[in-house]
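Residue numbers (this note's numbering), protein chains in the order written: chain R, 3 to 289; chain S, 3 to 289; chain Y, 3 to 289; chain P, 3 to 289.
This list has only true hints and no planted wrong ones.
The list treats identical chains as one, so a pair stands whether inside a single copy or across any two.
List time: in silico SDA-like cross-link candidates among lysine to any residue, alpha-carbon distance up to 20 Å: (1) K153 <-> D231; (2) K101 <-> F139; (3) K257 <-> T246; (4) K208 <-> V46; (5) K257 <-> G206; (6) K208 <-> E117; (7) K153 <-> T131; (8) K257 <-> S115; (9) K257 <-> H244; (10) K257 <-> T243; (11) K78 <-> L12.
Calculated from the structure, these hints are not laboratory results.
There are 4 protein chains.
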Amino acid sequence: MNNARTATLLMYCPDQPGVVAAVTDFLARHGANVIDLDQHVDRVEGVFFMRVKWELDGFALTPEAFEQAFSEAIAKGFEASWQLHHDPNPIRMAIFVSKIPHCLYDLLSRWQSGEWRVDIPLIISNHDTLRPVAEQFGVPYYHFPITAETKAEQEAREIELLQAHDIELVALARYMQVVSPQLIQAFPERIINIHHSSLPAFAGAKPYHAAHARGVKIIGATSHYVTEDLDAGPIIDQGVTHITHRDTVQDLIRKGQDLEKIVLARGIWAHLQRQTLVYQNRTIVFG
Amino acid sequence: MNNARTATLLMYCPDQPGVVAAVTDFLARHGANVIDLDQHVDRVEGVFFMRVKWELDGFALTPEAFEQAFSEAIAKGFEASWQLHHDPNPIRMAIFVSKIPHCLYDLLSRWQSGEWRVDIPLIISNHDTLRPVAEQFGVPYYHFPITAETKAEQEAREIELLQAHDIELVALARYMQVVSPQLIQAFPERIINIHHSSLPAFAGAKPYHAAHARGVKIIGATSHYVTEDLDAGPIIDQGVTHITHRDTVQDLIRKGQDLEKIVLARGIWAHLQRQTLVYQNRTIVFG
Amino acid sequence: MNNARTATLLMYCPDQPGVVAAVTDFLARHGANVIDLDQHVDRVEGVFFMRVKWELDGFALTPEAFEQAFSEAIAKGFEASWQLHHDPNPIRMAIFVSKIPHCLYDLLSRWQSGEWRVDIPLIISNHDTLRPVAEQFGVPYYHFPITAETKAEQEAREIELLQAHDIELVALARYMQVVSPQLIQAFPERIINIHHSSLPAFAGAKPYHAAHARGVKIIGATSHYVTEDLDAGPIIDQGVTHITHRDTVQDLIRKGQDLEKIVLARGIWAHLQRQTLVYQNRTIVFG
Amino acid sequence: MNNARTATLLMYCPDQPGVVAAVTDFLARHGANVIDLDQHVDRVEGVFFMRVKWELDGFALTPEAFEQAFSEAIAKGFEASWQLHHDPNPIRMAIFVSKIPHCLYDLLSRWQSGEWRVDIPLIISNHDTLRPVAEQFGVPYYHFPITAETKAEQEAREIELLQAHDIELVALARYMQVVSPQLIQAFPERIINIHHSSLPAFAGAKPYHAAHARGVKIIGATSHYVTEDLDAGPIIDQGVTHITHRDTVQDLIRKGQDLEKIVLARGIWAHLQRQTLVYQNRTIVFG
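Looking at chain R on its own, in the form it has when it is part of the complex:
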């Protein structure tokens, strides 16, 4: 929305007095005009988390110089883990889909209309079904059929392709395949999935059928980072909608799809804004 170039720092370290003062002082000394700062202390774990965003205009340090100076001045002493992001730099995102198109349409629309500053260089699918959608939006579509026998090999090719396209973020837009550890390890905390229930309720397959059978009065959707435990990764966002006894499984699927596309989009948006930081399987989503 704003064309000023900015940098965002995400960090955490053992909680201790003086971290905020040290970091903001460091930034001020190098000419940063801080435009957003959010911090959080997990008092139980004793961990301090911070996100700071500042204008690059007038800031004295290149990313390389920052790395060295920040490590020396702050990170070493406070034992901090940190990431620096220079934006706007459209993040390069790949989309994985199967046969159900609503999330794909939604993500492509946000990209094509310019609602999001993101590049989508490719779409990967285990089916050829949605190729026309990709073509209509002018995005290359790669079909990798997957069977139990070919899965490891096909995923290895997918990883190569993603790396060749310099992909940072992978959106699983109702991709109906369990992603294997090799792919997850290649993109740690950089694969976002949409699960069609309010996790941990109804993890696994056919959650709407399970929800209907249980007679719930609320259904949900969950966007989360993918980890090796199925549907158990760090949650970024969740949404729900009320249902009634009148709603059939088909109604749940239909109403759920509206949730899924919005909740997936909110999860991706938070990542694109560099608002997320994962710690011990939970996601800090800074304001």
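Given chain R, work out where chains S, Y and P should sit, using these hints.
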């Protein structure tokens, strides 16, 4: 709200043509002015459900005469299960509590202020903690301490007491004891519990701790009829609230309590209005 | 979802005993298997409303025969207003847009993916901006530039075009032009608009700017039938989302767009399902 | 929840580089262990807002010493407005009511159960109706009948009484009287009202009747600081609930009451936690 005396019929039967016509025709012939009718067909199960409410003013049948006439004219032929309720007749409700008072305060306030037409002849607790609250509202308080050894005997005494007071409905207002089968069987589909999560997520003990550990972004509460499967009974109502990483377990408990009292009250209200009908562990909640 | 051919009757009349019995009896006598029935009595206005849906398989009456028989048997005696709809019959819907594309993308996606049984023969706009989106989805796009001088003439041409395409429903998908009485009268209760606030709050232009200035903590969107009073037509659906002081006007716009497309879609869906009936500027939305 | 003694600083000033660094450095130098820090920059207005909370254990400055040192070191140079609050210090709150009791019950329950650390030394009402509720909870109840003629005089007596009891915060718990400027000026940004609509929709009297007449599908409640413009003060919190055409005005009132008590409580809670800061008729509610 309305002083007109009314009757409500809840029924279900195998789905077949002509049920609505037969029932409404039956009521019209006996002088009923129908003021509310809601029906639902479960197409998968092939079951027809209906709730009809009519004014008693001008209606020709006493409850006894209704029983005979309706059985002959409708229930037998359609193989219908049914209940007839004459209202307003304040339903007699008992409250079970332990040590956490927010739901108790909320229910007593609704009763004392006249928001609900309900009688609350007694409160039962496994602790003596909340006796002052009961006394303040002028409701008799019975303390039944429960240990593994005394549980069966104490519950037997509770059942006697409930029956002696002609109790129809039992509200478990954060009663932290598993209710045993004998009590459930004495009040089938007439015990409403509030569980402090959005079931089936986090069934069992300490759901807020579990929710915090899982890093969810939404917490919920569920009012449901109690069955012998713990936290697995037919759901009447559910509510949720958004939380963030800033919320501690204590915050979840605090925010959750607001949900719990509202969702328990909505579940009880639906029962008091004769809007609920349980079929195969799911609750039809008529409009 | 279901391929069985069905008919839906929407009706209202002065409230009086026996209406449900008469209608359901009429349908049963002509072989209808009722699969959905919802009724509502407005006790203050003294009006009875009903929606009945039945399978056409086995039903004895053609639409023409129904008209005559129903008028004779029911409508005259009860002074009923009624509409009969035969479905599935994809409803023919036109979309009006200006320059903001998110609702357009969303509606076209639902149509193209087959989520909705609807035909979209054309898109009309007062700008040429979104022609590429229409072309990408293969839908004819008509550009009618509008100035104060040309408005009446251009709208007359639009009406002709809509009628030539046998359009039943018009969706204003963020169409930033006040629609004039002649167009509204040509499509009474058949133009659905999305307003980007929770009406009646912030009617008129720039509601997000007004919401931000007022410091609200919730923003909303409203789908409603268009009437000659600006933003005052019968509401079909509304949705809201929580915001905070951190949200700028740009954030409100972004978050609001997610609401707008979902709430517009829900409003249109209700119309497509023949669930809506307007009475005295309020919309009955049957279950 | 936590017994550690803490201090909270709320401040704002013209946005400029180095504020966070200066404040956190100031606190660190005097031995503060910051446990919560939230800041916000209104980029349009060019104003910087901050809330910092720290443990008093180990902090070197008394409130008086803080005043002088902070003014010198920070406030003068940055032209900052600020408030310092020492907690836990139960805030002294008065409740104003008329005849509708649900909010009163709710607030008294939160106080009596210890859910909130707050003192409630008195209740003031323009009617004698709810005296029994106050007595039941053991809170003194003062009845000030108000007519057009007596209003100024009665409010003057109310102000005296509030000041005599050292009241900081006034909760209007469905107090059905317009509060006049003299009372508002005596408690600036310290009177919280609950309005029974989602402001700015349906300001003024009988909002549920107006909402029903307009045919909305959502009703709301708003807690806000009272200013001299009726129902136009800075909003703290808002909540909504979905309704349908089946809901009568009585249903709206009933459902709305559940919203009102929760939204009023959330607004008061935010104030008690020193999370609120008013700037130009909008409320910053820190996380």
